[in-house]
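Undergrad: These are the residues of each chain, in order.
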Amino acid sequence: MWIQSTMVTYGPHAGVIETLSWVMFTGALLIFLLVMVLATLAIFAPDRMRGWMTGRNFIIGLGIVFPVVTLTALLVWGLTISRTLVTVENPALRIEVIGERWWWRVHYVDAEGQIRLVSANEIKIPTGRPIEFVLKTQDVIHSFWVPSLAGKLDMIPGRVNVTRFSAERPGIYRGQCAEYCGAQHALMAFYVVALTPDEFETWYAREATPPAEPVIPLLVRGKVLFRENGCGACHTVRGTSAGGLIGPDLTYVGARLSIAAGTYPTNVGTLAGWISSAQHLKPDNLMPSFGNLQGEELRAIAAYLESLK
Amino acid sequence: MPNPAPRPEGELEELKRIWEPPKGIHFLSAVNNNYVGVWYVGTAFLFFVLAGALALIMRTQLAQPELRLIGHELYNQLFTMHGTIMMFLFAVPVVEALSVFLLPNMQAARDLPFPRLSAYAFWAYFFGGLAFFCSLFFGLAPNGGWFMYPPLTSYIYSPGINADFWLLGIGFIEISAIAGAIEIIVGVLKTRAPGQSLDKLPVYSWAMLVFALMVIVAFPAIIAATLLLELERAFHWPFFIAEKGGDPLLWQHLFWFFGHPEVYVIFLPAAGMVSMIVPAMAQTPLVGYRLVVLAVIGTGFLSFGLWVHHMFTTGLPQLSLSFFSAASMAVSIPSGIQVFAWIATIASGKVQNKTPTYFILGFLFIFVIGGLTGVMVAMVPFDWQAHDTYFIVAHFHYVLIGGMVFPMFAAFYYWAPTASQRPLSETLGKWAFWLIFIGVNVTFFTMHITGLMGMPRRTYTYIAEMGWGPFNLISTFGAYTIGAGVLVFLIDLAKNFRPYQGDLGNLWNAGTLEWLPSGNYQTRSIPVITSREPLWDQPNLSDDVEAGRYYLPGAQTGGRETIVTSPIDARPQYVLQIPGPSWRTVFAAFFTAAFFIGLTIKLYTPAFVCGVLAVVFVIWWLWDSDPGPAEVGEIEIGGGLKLPTYTTGPMNHSWWAMIILMIVAGMVFGCIVFSYFFLWTISPRTWPLSAAALPAIWWPIGAAALFVASSLLVWLAGRKLSLVPERSAWPTRIALVLAVPLFIGGIALEVLGQLETGLRPSESGYGAVVYTLASYQGFLVAVLAIMGLYTVVRSLAGCLNRVRRSTFDNTQLFWHYGVAQGLVALLIIHAFPRLLG
Amino acid sequence: MRLLLQDLEKRSCSLGIAILLMLSACSDNMGPVEQRVVGGDVERGRRIIAAIECGACHTIPGIQGAHGIVGPPLTDFAERKFIGGVVPNEPTILVRWVQDAPSVAPHTGMPDLGLSDDEARHVAAYLYTLR
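Protein chains in written order, with our numbering: chain S, 1497 to 1805; chain V, 69 to 905; chain F, 141 to 271.
Calculated from the structure, these hints are not laboratory results. Computed from a predicted structure; not experimentally measured. Be careful, since some hints might not be right.
Claimed, not checked - In silico lysine to any residue, SDA-like type, Cα no more than 20 Å apart, as pairs:
hint, chain 1, residue 1, chain 2, residue 2
1, S, Lys-1632, V, Glu-311
2, V, Lys-418, S, Gly-1551
3, S, Lys-1632, V, Pro-385
4, S, Lys-1632, V, Ile-224
5, V, Lys-498, V, Asn-421
6, V, Lys-422, S, Ala-1541
7, V, Lys-91, V, Phe-655
8, S, Lys-1632, V, Gly-383
9, V, Lys-418, S, Ile-1539
10, V, Lys-710, V, Gly-263
11, S, Lys-1805, F, Leu-253
12, S, Lys-1632, V, Ala-310
13, V, Lys-498, S, Thr-1536
14, S, Lys-1805, F, Ile-192
15, V, Lys-422, S, Thr-1536
16, S, Lys-1805, F, Leu-255
Claimed, not checked - Stretch by stretch, here's where chain V covers chain S in the computed footprint (C-beta under 8 Å, at least three residues):
hint, region
17, 1503-1517
18, 1566-1577
19, 1667-1673
Stated by the list, open to error - Residues of chain V placed beyond 10 Å of chain S at every Cβ, according to the derived structure:
hint, residue
20, Ala-73
21, Val-117
22, Met-155
23, Val-677
24, Thr-754
Glycine is no exception: its CB is placed at the ideal position from the N, C-alpha and C atoms.
Please build the complete structure, drawing on both the sequences and the hints.
TA: Listed below in structure tokens is the structure:
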């Protein structure tokens, strides 16, 4: 329930903002109470107690001097701490995230900018080290936001925005598109999964290899049907003939937490439901509903995808 | 006393007859401010209720996670329409509407200086707004959000006509808002009670003056922006398409350069109303009048330096973010000054326990919270988290409902007795207050939490696992409570509000002029003012005004008239003859609206016909507007003071309007020029790399020569007009007629020169902006051609001579402006790339 | 705060179910004996259904977001005579069906969901509250 909260934070970036928030909430509460007390006095207090409130000095003191002092202090402090948010440390990893309607394309890139690994709707990162996120979009404006780790940054056509942040400890953090991007803006989420550096290395090495060939007959059938139904025109499963680039990469889709961009948990049931009624579950997304499949065929494809982990 | 009483027999009856509104169905052709003002407020409030109903549908959809009451298509249209209607069809119109009603009353003018213009603005808004709303019923309502960010709203991702409804509808309604603003500026500066110098001007008038000036400066930006986006949608001119040298952020800069001042455009008039109501309810003058006026002016200036705070998450450089962060905080200071001035005023008097007081105190409570969260989101790092979440939704509803809706209700309860025989009910009013006050806090305070829990705005649903369900349910409950409060108010209105049957008088014992006894002609005679609260400080004022002892107790020109005063110290300058009821403005507005709707739904032929009809009706309406000196000659308004009934030049009210119109035109031009330089910084590669890629230098030189020649001819026409009617009017006519083709020829040369190089508007951002500069110039040329020929026709009709020459003077002013703008455009297009190369 | 809310949520749900049971008691004395799932916990069943999102395929009353159109709607499930139009609607068969439908009906599109025996019993118990 708190995996997408700005006030329960797990990274230094979001943590600094959380501190700032609490300071401002407290200050705002005090100022609000002050104004309300003054207004109450102005209305109800006996004349002798409100005489001091009736002159210009009252207005100048509280309306000019007081805000100038408090706001200047807040601004100076705020600018100081926002400087600490700009990480200068070398990033452990560079990840390109590309906003799509309505999902997230994820590229792990090396120092030369070569794509080393492709994923979608889920970003695995090692803990404790700053990660550089290179934010782009293929179509309209999106905004990349993982509240419990950092503030948001827009993805704007023709521009590349870069942000760096880190996760303090292993865990699952949810992110969501924050800039209205059309029909299914509401269902455009993703997960950031922070692993210990060791776990991350293991995962990364395994993810770089293509998935194992299926052996169980149902899964073998599923793989064949996946190809025969043309899924590969839009989706990629590394190591197979499926090399489409329009939709999310499905190489290890079974290992991801969610399908349909953070909308459903990944399991064989939701995969089957999604394949046969994608347009009902997330109307106007680019994937058609495959209503033409036989029951066993649907199960086979769903089971095959679920086995990719 | 300037005039002796008792007044001659029949004088009052004559005044009444002249100002009597038309009867039967013809009452719709009324133009004076008491009528138009009430309709205007009523229509704006109708849109408030409609947009509120849309919000209730949305709140019902969000009451539980993953509900499927309405789909994403309708939801996305609803939030777009809710925001758009509340901002463009409710908030701005309602403050303009209230001022149409209140300003002449407060300044003891018989009417606004251009009653037909405000009638036109109202009817255009009425027809256009309703047609815009009806797009919802056909599933054609815009769905790109109220700030319509491209590329989502451009032709690739929004191929339907939904977005066009927004662009043409809103662009058009903004024209109506600007018309209203021109009216207000001239009204505040030129039609005041004698003696009501700037330091005695009611704070409300000050606020409306600053409001209108802000509209003049800010709204052209949205007009320019909608123009560019519509050109991109209709003709694929790529202003916002990155691959072709456009930039989506150009829209955001233009939109927020309008959009941020918009918030203060809404708030300042409301604050002005509060500054009127608080002293009356506390029965004591406003404490810190000068500070409050300075705060109002300061807000106006500062509000133009904040627009980037809507763009903190777009990845702009840290330094510019810091600047805008500081400016955003600074703007809270003038608001603070006003808040403490009101508290000080309350403390120095004794507030009455009445409904307006309740709404004022509710306003203080809610607005202060909105202001404090405003300071939070001005902090850049905090905004990185809060931006585009429900925290922001909560923040701006606190600001706008607190800062504008509560003062509006206070104003309704406070000023209803000036329009209605019966006041609104205290009991129902307090019920409405408590329901709305509790509802607003329940709905929107909760949204702060929902937002901090990570819920983005503009989402039609959310998954159950996020835990936002209970908070959304509370908000939905609160929203229905607000709805119930508004319903109570509507019942009160239906039971008690009876306009046009006389008024109740000074119910609150207030001190300002709108509480003088009045009829449709406003006050019987126009008082001389020696104080800010004349009804408190000038004994017997009401009786003397009513007895006709002050200025202009009758209607000496035989028609509607009011006194025009000097802008600073309000000395009477002349008596303005005001036009009366007319259907022409109604039809002009109807056809203007039909023209824009026709364009939107792609019925080009009917649209064109309506466009022509609109121009015809506008010209017909204008025909009466330059009446020349009245037959009676100079008028003695009282106390031996003789005033002319006609003037020209800087003393004339229409001269002021023309200057303001030139500022508007200049701002639109400025925004296009900004786009030119902005796109150049983004993609200089699309700019001509050498002079060879530009049209040969003779093209712009030729165009400039023709522009200047046309200006010289118009100047010559003016010289010759000074000799009419003693000498022939033909030299004037011939010079004007010749000037038109020269001007057209100039702009044609510019376009031909560009076409010659092979540049096309759809190929790059550069091409698009160059042709836009030319097209905008072409539009001005077309307008000026009509104005020039209209002036010639006036001359042929014998309505133009060396005395009666306002029509010519205005055409001439605008002509020279148009030529100057054309020369600047040529300089930018042809010299800037050469300087680079 | 969080605990309080969870508690509230729990209470409102159990309240809802209590009302549901009371209503059904009026009409049909608590549902027939033959539909009682031994060891099935209605509330846990509801949570499992929500967590694995059976709603991606089925419309299920009482489950937020369960608007699926792939399989049959489970409205009035307790009244149904057949499961999936194939086998009689009896608790033992239902438990097996929600675990591994293809083992009961080879042509079904409903996958083997891999539920444990306990989980399947809870799910079945919830489904029998739908009447």
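Undergrad: A separate judgement is required for each hint: does it hold in the structure or not?
TA: Here is what the structure says about each hint:
no. : hint                   : in the structure
1   : S:Lys-1632 / V:Glu-311 : 14 Å, holds
2   : V:Lys-418 / S:Gly-1551 : 15 Å, holds
3   : S:Lys-1632 / V:Pro-385 : 17 Å, holds
4   : S:Lys-1632 / V:Ile-224 : 18 Å, holds
5   : V:Lys-498 / V:Asn-421  : 10 Å, holds
6   : V:Lys-422 / S:Ala-1541 : 18 Å, holds
7   : V:Lys-91 / V:Phe-655   : 18 Å, holds
8   : S:Lys-1632 / V:Gly-383 : 12 Å, holds
9   : V:Lys-418 / S:Ile-1539 : 7 Å, holds
10  : V:Lys-710 / V:Gly-263  : 16 Å, holds
11  : S:Lys-1805 / F:Leu-253 : 17 Å, holds
12  : S:Lys-1632 / V:Ala-310 : 12 Å, holds
13  : V:Lys-498 / S:Thr-1536 : 19 Å, holds
14  : S:Lys-1805 / F:Ile-192 : 18 Å, holds
15  : V:Lys-422 / S:Thr-1536 : 16 Å, holds
16  : S:Lys-1805 / F:Leu-255 : 19 Å, holds
17  : 1503-1517              : holds (count 6)
18  : 1566-1577              : holds (count 6)
19  : 1667-1673              : holds (count 3)
20  : Ala-73                 : 40 Å, holds
21  : Val-117                : 26 Å, holds
22  : Met-155                : 16 Å, holds
23  : Val-677                : 36 Å, holds
24  : Thr-754                : 12 Å, holds
The structure shown violates none of the earlier numbered hints.
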